[in-house]
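Trainee: Please model the complete structure; the sequences and the hints are all you need to start from.
Residues per chain are reported as follows:
There are 2 protein chains.
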Amino acid sequence: MIHHLPFNAEAPPEGLTGDTTPTEQHYVRSNFALPEHDGTLEIGGAVGSPTTLTLDDLRAMPSVERAVTLECAGNGRLETRPLPAGEPWGAYAVSTAVWTGTWLRDVLERAQPAADGVEVRFEGADSGSYLLNPVLAQTVKSDLTFVRSLTLEHALDPAAEILIAYEMNGRPLGPDHGAPFRIVVPGWFAVASVKWLKRIDVVTEPFEGEFQTGHYVYEWPDRPHERVTTMRVRARITDPAPGAVLTPGTHVIRGKAWSGTGPVTNVDLSFTGEGTWSPAVVEAPKGPHQWQNWAYEWEVDLPGRYSIRARATDAAGNEQPDVPPWNRLGYGNNAVEVSYVDVR
Amino acid sequence: MIHHLPFNAEAPPEGLTGDTTPTEQHYVRSNFALPEHDGTLEIGGAVGSPTTLTLDDLRAMPSVERAVTLECAGNGRLETRPLPAGEPWGAYAVSTAVWTGTWLRDVLERAQPAADGVEVRFEGADSGSYLLNPVLAQTVKSDLTFVRSLTLEHALDPAAEILIAYEMNGRPLGPDHGAPFRIVVPGWFAVASVKWLKRIDVVTEPFEGEFQTGHYVYEWPDRPHERVTTMRVRARITDPAPGAVLTPGTHVIRGKAWSGTGPVTNVDLSFTGEGTWSPAVVEAPKGPHQWQNWAYEWEVDLPGRYSIRARATDAAGNEQPDVPPWNRLGYGNNAVEVSYVDVR
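Residue numbers (our numbering), protein chains in the order written: chain A, 1 to 344; chain B, 1 to 344.
Derived by calculation from the structure, the hints in this document are not laboratory data.
Quick caveat: nothing in here was measured; it's all calculated off a predicted structure.
Hints should not be assumed to be uniformly reliable.
Identical copies look the same in the list; a pair holds intra-copy or inter-copy alike.
Straight-line C-alpha distance at most 20 Å; calculated SDA-like pairs for lysine to any residue [unchecked claim]:
#: 1; residue 1: 141; residue 2: 302
#: 2; residue 1: 141; residue 2: 272
#: 3; residue 1: 286; residue 2: 20
#: 4; residue 1: 141; residue 2: 33
#: 5; residue 1: 286; residue 2: 265
#: 6; residue 1: 286; residue 2: 98
#: 7; residue 1: 141; residue 2: 6
Mentor: So this is what it looks like as structure tokens:
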């Protein structure tokens, strides 16, 4: 647990071992205390047919189920140097759940977006005093609401498979995960997956807000600022645990890998510091939006301490860097994971 | 333990809690298997009076006792990014012991160094096949001896207080610590403190060797290579342990700090990522060559996860950097330590 109020908690290590993460182990990211929600979803703004939907209305629409890996943009911030401000997430702000809902695009089309609509603005029911220092001058720290936007093109793209989800792992969404319904944006850092969804507005100007253009922006030291969008390619070692003591012999090193920019095609392992990389066996994706399993059979005879590194590459050719991509607020740390074990 | 053969082991965390480290907890760094030693020390080369000394001869000379903090130049290598080759030391290749011996300068003066002597070459009894890949072309990997040098000026400098030590914490040196006698060079990374000392030679040309000009060289990416000499200023947090769960209230954060370039004058703590630093209380040095205790009374009321950083500054004005000073072989990582605790 990072904070109790607002509630922020990493997954336990065992939350990464299966194809999906049990709901009670799924990491939780909240910016404000748990909100009240009146059970309705308003769709308005620049639309031909403003609409109000209830959970029952959403359930009456065609339903879809997708396993989706969600990762916090600040995952791994504690490993970033210099240490940035922000929630001190270790490396376990990532999980995979099966989400059931209806397509966002179907809901939007029902409301008939105006021809001059450029973005879709999603407002959560959560608001209050912000724990961090706002970046935007106009943000009132004591009274802020969680709002994000996507381009209309992205929101309507069938390939994007954006859900309005009302179930998680086969049960209604719990309060910490955005009950009664939330957005799930596959492939994007989870800040885009607005919880406790209350309003959707089509807007004719790009949206600016603390969670859109203040925070969740890569403030690079040497080039223009950039929005946090897709998850970066990353491998995690799930077994053995760091510091584990192994006997000489053969051990299977296992882990997960994911990327927002394509399926993971390669995971390479190294045991020597600089130098040799050997390919792990990477399982084919079980779906378009979820992490993949990988494994490496490691023969180790000589006792000693070994550094273990796992480095993923995705189909778009993105590869994990050795050094976290430093930015002032500490987003997107996808540096190669370094673990170690002692063989005795 | 990093390796059993050659034996390399970090101190356990409790080895850093006292003013000195119990011998059985003191970290051990060896490059080769434990050597035989015939009990004699030859002093030769460019000297007027070549000399052979036994342990009894050394014991018959004026004895001196100093608490000295020794740190491996590779301490913290596992935290360096990109991960360099070399022993994967965590952060516990540092310890403090009380060493008893005689002054190196007295022994050297007895042998009458020649007027054209420039360096003093120290040869250990340890040799064999080198675990790492040699840097120098002329090094024979299968047959290497541990040899280091110091300038004659440094070796003779009374202020340097270099010992030929034969006792550690009040008992004869054990095999892992260089029995029957070793050099102890205060303030320098411990590679200079040659164990199992067999020969001392005054030489008239600067010495070149694998452990002098091959390894133990900072191979900076952007400036000329540089020898590893003095320990860099550094603070360690000894209490609470990383990931400890604390109750809201007042907690004393404790640690050690040391530097090869002057006594530590300040240790500052931060709990917020970027931003505010608050001074810890730093104890005055108990001697010229040993780590100092520091403590900080931390009041914490709000539950949550806190990042704790400790940053030391020494009397020479050196301060720990946020990012390890990257060099190809991973020496001298003295980056600010980042720990975290959960308050519940």
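Trainee: May I ask which of the numbered hints given earlier this structure violates, with the numbers listed in increasing order?
Mentor: none
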